[in-house]
Amino acid sequence: MDIATAAAPRAAAGVDRAAARAFADEHIVPFADAWDRAGAVPEELLEQIARAGLWAPFLPVELGGSGVDMVTLAAVHEEVGRGCSSVRSLLTVHTMASWALQRWGSPAQLDRWARDMAAGRVLGAFCLSEPGAGSDAAGITTTAVREGDGWRLNGVKTWTTGGQRADLFLVFARTESSTVALLVPRASAGVTVRPLDDMLGTRASLIAQIAFEDVLLGPDALLGPSSFASGMVLSGTLDLGRLSVAAGSVGIIQACLEAGADYSTERTVGGSRLKDLPLIRAKLSDMVTDVRAARLLVAEAARLKDAGDPATIMATWVAKYFASTAAARHATEALQIHGALGFSSGHPTGRFYRDAKVAEVIEGSTEIQRLTIADEAFRRWTA
Amino acid sequence: MTEISVAAQLQSFVEGRFPQSSIATDQDIFSLGYINSLFAMELVMFIERTFSVTVPNEELRIDNFRTVEAMSALVERVRSTALVG
Numbered sequence: 001m002d003i004a005t006a007a008a009p010r011a012a013a014g015v016d017r018a019a020a021r022a023f024a025d026e027h028i029v030p031f032a033d034a035w036d037r038a039g040a041v042p043e044e045l046l047e048q049i050a051r052a053g054l055w056a057p058f059l060p061v062e063l064g065g066s067g068v069d070m071v072t073l074a075a076v077h078e079e080v081g082r083g084c085s086s087v088r089s090l091l092t093v094h095t096m097a098s099w100a101l102q103r104w105g106s107p108a109q110l111d112r113w114a115r116d117m118a119a120g121r122v123l124g125a126f127c128l129s130e131p132g133a134g135s136d137a138a139g140i141t142t143t144a145v146r147e148g149d150g151w152r153l154n155g156v157k158t159w160t161t162g163g164q165r166a167d168l169f170l171v172f173a174r175t176e177s178s179t180v181a182l183l184v185p186r187a188s189a190g191v192t193v194r195p196l197d198d199m200l201g202t203r204a205s206l207i208a209q210i211a212f213e214d215v216l217l218g219p220d221a222l223l224g225p226s227s228f229a230s231g232m233v234l235s236g237t238l239d240l241g242r243l244s245v246a247a248g249s250v251g252i253i254q255a256c257l258e259a260g261a262d263y264s265t266e267r268t269v270g271g272s273r274l275k276d277l278p279l280i281r282a283k284l285s286d287m288v289t290d291v292r293a294a295r296l297l298v299a300e301a302a303r304l305k306d307a308g309d310p311a312t313i314m315a316t317w318v319a320k321y322f323a324s325t326a327a328a329r330h331a332t333e334a335l336q337i338h339g340a341l342g343f344s345s346g347h348p349t350g351r352f353y354r355d356a357k358v359a360e361v362i363e364g365s366t367e368i369q370r371l372t373i374a375d376e377a378f379r380r381w382t383a
Numbered sequence: 001m002t003e004i005s006v007a008a009q010l011q012s013f014v015e016g017r018f019p020q021s022s023i024a025t026d027q028d029i030f031s032l033g034y035i036n037s038l039f040a041m042e043l044v045m046f047i048e049r050t051f052s053v054t055v056p057n058e059e060l061r062i063d064n065f066r067t068v069e070a071m072s073a074l075v076e077r078v079r080s081t082a083l084v085g
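As you go down the protein sequences, you meet chains A and B in turn.
All letters in the first sequence, in the order written, are residues 1 to 383 by the working numbering.
All letters in the second sequence, in the order written, are residues 1 to 85 by the working numbering.
These are computed hints drawn from the structure, not numbers from a lab.
Virtual Cβ for every residue (Gly too), placed ideally from N, Cα, C.
Among these hints, one or two may not hold up.
[Unchecked claim] Computed Cβ-Cβ distance ranges for the label pairs, DEER-style: (1) B:L32 - A:S344: 55 to 63 Å; (2) B:R49 - A:D16: 21 to 29 Å; (3) A:E44 - B:T54: 34 to 42 Å; (4) A:A138 - B:F18: 16 to 24 Å.
Please put together the full structure from these sequences, using the hints given.
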């Protein structure tokens, strides 16, 4: 079935944690290791996500979405992330592009793109990182120069999740005076996509390097303000991406917990089950505790987003920091519980281990988060 | 709600983010080095939530956020536009 003919998204009632968990158990979990080895998810999966209405369910019904709130969206991304971080990563970047369009798009831009993005007929990707600049927006060298009433775009973006498959790129580029966000259709002349294969983590997330060579764009490519506030487009988009990565990290912890509990119940060493060994129990206790804490932090950040409360920004930093570092820690312990089995090709704990590390790097590294979260101390607890 | 109370709420929010400072309503907060894109986003979210308005893209100009007075004027302008619209 072609994705363009996929059924319309379900109504809001059909998109929730339970539905996402069932979807992940049926369509993701059994296949995730094979996708990881192959280095790509199949087109069929993208169509299944579209049929389930999971690409951008937060978009309002009038734009073709299901109008779910951010708390629900985070739960969906957690459940998908429990199954496969590569798939969750594809949801993350599509969510970022779709949200930026919804928040900053003109009526004409919404009319052109929103319904197709809600239905998954158009998939979005987020283009910020460059070969010489990670998420350091001040260091980007891609340029957008005025050409008539439009733009001429030149530069190279890399490590673009979903880039191999995306139809619409949200590209951040430098102008003479500021940064702009541009909507760039993949089909534009001058766009070249080069797959980046054999990555260490999120191997199946269709990562690519995208070159833009004298790409001519109309005035309708500009998303949001082009002046000082253009940084808000980037910050807001990254903020939502951060929530998604945090939710996906909770999913990784949950997956580690489930795998660790199952294996330690069946595996015996010296006549004892692993589950009865105190040091194994300690690992599982920490997983149980941290997955609850991380889930609550993510839910709180999402609730604040739903309320339009600016405190969501710091709450999201905190949630992502806690959840991603906990995921990396518990993926290490899950691997330890499984021993050599965990290192075997096709066993999920090795994938959890590699994917959890990605979450500590993207959408604000752990180091950047620790620098930023410290501001909270000085804002609230100094005389 | 009067303009004074709008200004007072804005002033309180800015000072709450930078509790070591006292901000006058006509003080250029950009010149104090307080603004980055994250804070700008927080500021817009605060304005939209507190005063039940949506700041349109064309109003997202630096001069509209330079002082508490400018932000107060922005709130009133957006409110009146919404009422007319």
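Verification of the hints:
Roughly 58 Å separates the CB atoms of L32 of chain B and S344 of chain A, a value that falls within the hinted 55 to 63 Å. In this structure, R49 of chain B and D16 of chain A meet the distance hint of 21 to 29 Å, their C-beta atoms being roughly 26 Å apart. Checked against the hint of 34 to 42 Å, the C-beta distance between E44 of chain A and T54 of chain B comes to roughly 40 Å, which is consistent with it. Checked against the hint of 16 to 24 Å, the pair A138 of chain A and F18 of chain B passes, with Cβ atoms roughly 22 Å apart.
The structure meets every hint from the earlier list without exception.
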